[in-house]
Structures are given as C-alpha cells and as structure tokens.
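Student: Next come the chains, spelled out residue by residue.
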Amino acid sequence: MIEKLQTLWPEITLFIAACAVMIVGLSGTRSIRALCTPICGLALLIATFLSLGGLGGVDITVTGPLPVLASYGKAMVGVIGVILLLLIPGVVDREFDAAPGGPGEAPQPPRAFEAIRSNTAEFHAFFLFSLMGLMLCAGADDLIWLFLALELTSLPTYVMVTISTARNRSLEAGVKYFFLGALGAAIFLYGFALIYGGTGSTNLEAVHASIVAQADAGGINSITMAGFVMAIIGLCFKIAAVPMHFYTPDVYQGAAAPVAAFLAFVPKSAGFFAIMLLTATLGWSFGASGTELPGPVHSALYIIAVLTMTVGNVLAILQNSIKRILAYSSIAHSGYMLVGIIAGPGGGGGADSTLSRNGLSAVWFYLVCYGVMNVGAFAVVASLERRRADGTHDEIDSVADLRGLCASRPLLGWTMVISAAGLLGLPPLLGFFGKLPLFTSGVGAGHYLLVIILGINSAIAAYYYLRLAAAPLLESRDPAESVGGEIVESPYRLRTAAGLISAVGVVALALGLGGPLGSAATSVGQSGFAPSYVGRRAADRSPAVIPAAAHTVDDEPRDVEPAADGSVDGATIESDGGPPDARFDHAR
Amino acid sequence: MTGFASAMSALTGAATLTLGQSDFPHPMHQVTLAHYLVLSALLFGIGLIGFITRRNLIIMFLCTELMFQAAGLALIAFSRFHLNHTGETFVIFVLTIAAAEAAMALALVVLLFRRRETLDASAWSELRG
Numbered sequence: 001m002i003e004k005l006q007t008l009w010p011e012i013t014l015f016i017a018a019c020a021v022m023i024v025g026l027s028g029t030r031s032i033r034a035l036c037t038p039i040c041g042l043a044l045l046i047a048t049f050l051s052l053g054g055l056g057g058v059d060i061t062v063t064g065p066l067p068v069l070a071s072y073g074k075a076m077v078g079v080i081g082v083i084l085l086l087l088i089p090g091v092v093d094r095e096f097d098a099a100p101g102g103p104g105e106a107p108q109p110p111r112a113f114e115a116i117r118s119n120t121a122e123f124h125a126f127f128l129f130s131l132m133g134l135m136l137c138a139g140a141d142d143l144i145w146l147f148l149a150l151e152l153t154s155l156p157t158y159v160m161v162t163i164s165t166a167r168n169r170s171l172e173a174g175v176k177y178f179f180l181g182a183l184g185a186a187i188f189l190y191g192f193a194l195i196y197g198g199t200g201s202t203n204l205e206a207v208h209a210s211i212v213a214q215a216d217a218g219g220i221n222s223i224t225m226a227g228f229v230m231a232i233i234g235l236c237f238k239i240a241a242v243p244m245h246f247y248t249p250d251v252y253q254g255a256a257a258p259v260a261a262f263l264a265f266v267p268k269s270a271g272f273f274a275i276m277l278l279t280a281t282l283g284w285s286f287g288a289s290g291t292e293l294p295g296p297v298h299s300a301l302y303i304i305a306v307l308t309m310t311v312g313n314v315l316a317i318l319q320n321s322i323k324r325i326l327a328y329s330s331i332a333h334s335g336y337m338l339v340g341i342i343a344g345p346g347g348g349g350g351a352d353s354t355l356s357r358n359g360l361s362a363v364w365f366y367l368v369c370y371g372v373m374n375v376g377a378f379a380v381v382a383s384l385e386r387r388r389a390d391g392t393h394d395e396i397d398s399v400a401d402l403r404g405l406c407a408s409r410p411l412l413g414w415t416m417v418i419s420a421a422g423l424l425g426l427p428p429l430l431g432f433f434g435k436l437p438l439f440t441s442g443v444g445a446g447h448y449l450l451v452i453i454l455g456i457n458s459a460i461a462a463y464y465y466l467r468l469a470a471a472p473l474l475e476s477r478d479p480a481e482s483v484g485g486e487i488v489e490s491p492y493r494l495r496t497a498a499g500l501i502s503a504v505g506v507v508a509l510a511l512g513l514g515g516p517l518g519s520a521a522t523s524v525g526q527s528g529f530a531p532s533y534v535g536r537r538a539a540d541r542s543p544a545v546i547p548a549a550a551h552t553v554d555d556e557p558r559d560v561e562p563a564a565d566g567s568v569d570g571a572t573i574e575s576d577g578g579p580p581d582a583r584f585d586h587a588r
Numbered sequence: 001m002t003g004f005a006s007a008m009s010a011l012t013g014a015a016t017l018t019l020g021q022s023d024f025p026h027p028m029h030q031v032t033l034a035h036y037l038v039l040s041a042l043l044f045g046i047g048l049i050g051f052i053t054r055r056n057l058i059i060m061f062l063c064t065e066l067m068f069q070a071a072g073l074a075l076i077a078f079s080r081f082h083l084n085h086t087g088e089t090f091v092i093f094v095l096t097i098a099a100a101e102a103a104m105a106l107a108l109v110v111l112l113f114r115r116r117e118t119l120d121a122s123a124w125s126e127l128r129g
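As you go down the protein sequences, you meet chains A and B in turn. Numbering-wise, the working numbering puts 345 at position 345 of the first sequence, and it's gapless, one number per residue. Numbering-wise, the working numbering puts 108 at position 108 of the second sequence, and it's gapless, one number per residue.
These aren't lab readings, by the way, just hints derived from the structure by calculation. Every value quoted in this text rests on a predicted model; they were computed, and no experiment measured them. The reader is advised that the hints may include incorrect statements.
What the simulated footprint calls covered on chain A by chain B, stretch by stretch (three residues with Cβ under 8 Å from a Cβ of chain B suffice, anywhere in the stretch; the number is not a length) [unchecked claim]:
1) 145–155
2) 168–180
3) 374–388
4) 402–412
Some chain A residues near chain B, calculated using beta-carbon distances under 10 Å [to be verified]:
5) Gly200
6) Ser201
7) Ile223
8) Ser519
To spell it out: a stretch of chain B is covered by chain A in this simulated footprint if at least three of its residues, at any positions, have a beta carbon under 8 Å from a beta carbon of chain A; those stretches are [claimed, not checked]:
9) 59–71
10) 96–105
For each residue, glycine too, the CB sits at the ideal point set by N, CA and C.
Model the full structure from these sequences, guided by the hints.
Tutor: Shown next as structure tokens:
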C-alpha cells in the first residue's frame, strides 16, 4: 500500500498546489493573485522531477501492462504542462488587469477586484486537476482507477472551455464538449463493465491473465471482446477519432486559444494512455501472424485509424479558420498515432533506434512531439489579437490574419512556420522523427496498406500546413484588410515565450537533443507482461478469478444459476474463497 | 420457455456466460445474468437513441445518466455472477462521477437558459465550419 502511494507523489504535489491556488487566487491583492502561475509552474516542475525518480529511492514504476509509462508519461505531462501554463495568464479575469490602450492612449485602469466575479483561482486549480488526472491515467493499473483518472482529466476541461471567454461561442463549445464527453464516458464505462464481466476482475494484470487463459482454452469470450471494442470507441471521444470527432472543430474554435491548446494535448494524451494500456492488456499475440491484436479490436482500430486520418485531413483543407484547421489536424494526428497502436511491439523489428521503433514507443514519442509542436501553433494564435475601434479585443481567426507575420513580428511568424512545418513532418524537424517510427512500425508489423494510407494522408496534410507556413512567410499583408480592427500582440508576453520554447524544442529535439527522449520512448514500449510473470501473478493474486473466467469459454453447458434469483442466499454471496464449482451449485 | 431463454442469450451475445439455460425448472421465476444484461443493454440503447434524437438539453443529459446507470446495473450483475465485490465497488465510484457530471450539467443548463431563454440544443449553432 505504501509502495503504491509512493508512486503518486507527482499527483500529490499537483493536488497540494491546486488547493493552494484556489486560496491564493482569491486574494484582493494583485501581487498575491499573480502568484498562481508561479505556484502551478513550480508544482509541475517538482512533479516532473519526482516522476523521473528524483530524491532517489522513490520508484514510481508500477506493475501493469506498461510499467515505465507511469514514470515517463508523468514527466511528459509535467514538462508540456509548464509550456501550456505559460499560455494561461489573461484567459480569465482580464478585466482586473490594466489593459494597454491603443497607440498614443493611456492604459485603461483595471476594474476593482471582486472575488465573486473572479475565475483565476478555479481556472488554475482546474488546470492542475486535469493534468493530475492525466498523470493518474499514465499510472493506472486497474479499470476503476483508469475510469476515475479519465474523468478527472475531462471534467475540469468542460469548465475551462465554458469560462474561457465571456462570449456565447465559448458557452456553446462548452455545452457541445460536455454532452459528447458524457456520452463518450458512458460508452467506455459500459465497455469497462463488460470487460469486468468477461474476465472477472478489473485489475489489468488479472484481466490479462484471464484473457491468456481464455485464449488458450479456445478463444476470448464475446463479452470481453465487446467490452474492449466499446471501451475503445468511447475513448475515441478523448482522442478525437472518427465516430466521436465531430465536436472537435467547434470546441477548439469556441474556446480561447490557450484552452484549445490544452484540449489538443491533455484529453488526447489521456485517451492514448488508456488505449495503450487496454491494448497492452490484450496483447499483440493474435491473428494469423500471431503479432496482431485480437480480431475485433484489430478491425475496429484499423477502420477508426483509416477514417480518422482521412476525414481529418480532407476536412482540414476546406477550412479558413486557423483553430479549425488545427482541430482537424488534431483529428488526423490521432489517426496517425493509432497506426502505432495497431502495429504494437511487433513493429520496428525489435530494434529500437531513432528511425525505427516498436509501435508503442513510437506512439508515446509522437505524443511528446505533437504536444510540443501543437502548443507552438496555438501559442501564435493566442499571442495575437484583433483590437477593435471600441477598445474590445478578440482572437484572430482566419489564416489571412497571419499574412506577413514574419516581417512584422519575426518571433511569432517563425514560430508559426516552424510549428506548421514540424506538424507536417518536414525532415529536419521534430515531426519527421516522430512520424517516421510510426511508418516503420507499421511496415515491421506487415500492415502495408495502412502505411500507404498514412503516407497519402501525410501528403494531403501538406496542403493546409503549407498554407499555415506560407501565410506568415511569403504573403504580405494588405492594409485594406484591417477593417475589423488592427492586429496587435497580446499584452500577455508569456504566450510568446511559450511559442518560442516550443519552436526551439521542435528544432533542438530534432537536432540530437532528442536522445534521452528517444531512449525514454524505447523503455515505455516495453510490456510488463513476461509470460512467466503473468502465470505467477495470476496464481497468487486472485485465485478465484481465473477458474471463474475459464468457465466462460467452456462449451459444455452447465447448470448454473449465477445471478441473484430473488431467493435469499447470503451464504453464497460470501463464499468468495470457495471452490468455483461449489459456488455455483447452490441453485440446484 | 426454453426458447425465451435462448433468445435472451442470443440477444445479449451472452451465450457463453449464461450457462445451462436449456433446463431451467421455472424460467419465469428465476432471474439470470442474461436478464440483467438484457435490461442493461436496453437501458443503454434507450439512452443512446434518446441522446441522438432529442434536442432538449435536460433530456439529453438524462439520457447519458441512463447510460451510466445501465453500466452500473451490468457491473452489479457481473459482480454477483463472479462472486466478488469489485463490480459493486466500481458502481460506487460511477455514482460519484455521475453526481459530479449532474452538477456540471445543471450549471451549464442554467447558464444557457439565462442567455437564450430556451433549452433547445439547436438554438446554439453559432459555430459552424
């Protein structure tokens, strides 16, 4: 128990910090209120440090399908969380900050602070709670834990979207996001219930052991299989994949850009952590070649991956709004990453290097790359705003607003160019080193058709990413376009810093500094289930589970009356430790 | 009556779990796992269809609640079937999450109603691409 609590130090740090900012953010003194951001940043850095085994002796690897995911996944969340945090100031409570006036005007004084109208405290707290949920996802070893962690990731984001601007479109985005989120949660919860029903346990190790036993006894039973497929379809909401993707562009457009950047990374990572854990629990030892996921899950993921990539890329071409383009690109990237999940550890030929990885390592590595590149693109949108004649401000929206940015504001312009080129996967940049292992893992696992579709989609993506890169670089701004108000830089300069950090990251990680990241990715892809390990754990952990589950694949009909039958039979309810057959005999 | 039982198991795809349905002494007096699963699947289906077809925000939210409770019912039935308490434990947590979502949904509904004086989801379609 103590060992398990020890693995939660990063989350505990974030929790303490979240409680602290909830109090600090309500202070009437501006300088104390301004401490919210540093507190969050400090907590995230400490959490990252602890995740990587800081303080020596604190080992946060867990037992489960992917033991090292807990450590590196949490560290990834901490680092990218810090970059996301730099975008947060100014999202809520702008009226309590002094607003810079137009050219030649004095700054407008802030409103007097009213705690009841302030959102700073809860916004920062929700930010930390959501990241805490994501960290918990990475360390999950049980379906109950996974469900709660996924919900902890999502519930705060619903509020963050809704309060991110005072406009009606944020409210609409919040409602769409919340309702579809609840639908997605209900679907994967039902999937989890069926997995529990089919295997008799919610512990991922025990589930794996039961699946191995079922497969040996003739086949995985249909309830377990249906459970996994439903869980994956429900999780498609979190990763913005096809059957549940249609909220994405509306929500990203309606939310403020910093929150959209948050949505594009945090719930998506939570979904991918969950899908990686579930598929690793199933194992890639089925199919004709013995290196595939079990048939139904394989087919479901295959169809989802192909549709997600294609729909995301084709619809992105038709868009004019930057945030909608990035939303569809986020959908397409989920499709790319699913290729790595389908390929599994069989891909990459077992040899992990920069250019060829096992499918799971590739997915984890790509998540980091995507997080870094994507924050850069959203940071540019967040750093620019259109100031109207009446003094109100709004975010820039259309690609045309980026024109000539490299000339007028070189830092932001080049950040956009580098991020867009990185997301496209141009060779010297980070996106290339992220995407290539996905290709090689697909080839290594023999899914040639999937890899070809991935290649075609990457080519389609060039159209809209090059538009995002060309607008600031090659086009010049027409003065007649500034009818709606002139475009100025946001007074919150930390946002520019976030963009700059991610642009530097896209270049630096690609130019050799990505070595530690690469080896981290390699270790994340290692499964925690060695065959002998599975046998031993299954035997000593939950003796009743395996025999009970073994019944379910038994073809021989038995006289069993398992569910409650209206008669009071308390003795059998308590007979958990009894021999399996005796337990079922009470009905006769 | 045997036909009824096997139809139920076929309906849920639960043939492997509902062992020995063929020789029930009094099928109508005994409630098996399959009955619970069918009820749970029906609740889930009603919730899903309701969510897709209805446009009133409160009804849509109740439909997702229905789907949550369908999962809860399945968990309890499985818990009794496997004779361990994991499923029941799970349900407690599910209820907690459902309560949190209810709080959030009602807060959103109140906000929306103040702005537009309607709970029709189609009144909110400013965002289109």
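Student: Now tell me, hint by hint, if it's right for this structure.
Tutor: Against the structure, the hints come out as follows:
no.: 1; hint: 145–155; in the structure: holds (count 4)
no.: 2; hint: 168–180; in the structure: holds (count 10)
no.: 3; hint: 374–388; in the structure: violated (count 0)
no.: 4; hint: 402–412; in the structure: violated (count 0)
no.: 5; hint: Gly200; in the structure: 4 Å, holds
no.: 6; hint: Ser201; in the structure: 6 Å, holds
no.: 7; hint: Ile223; in the structure: 6 Å, holds
no.: 8; hint: Ser519; in the structure: 36 Å, violated
no.: 9; hint: 59–71; in the structure: holds (count 7)
no.: 10; hint: 96–105; in the structure: holds (count 5)
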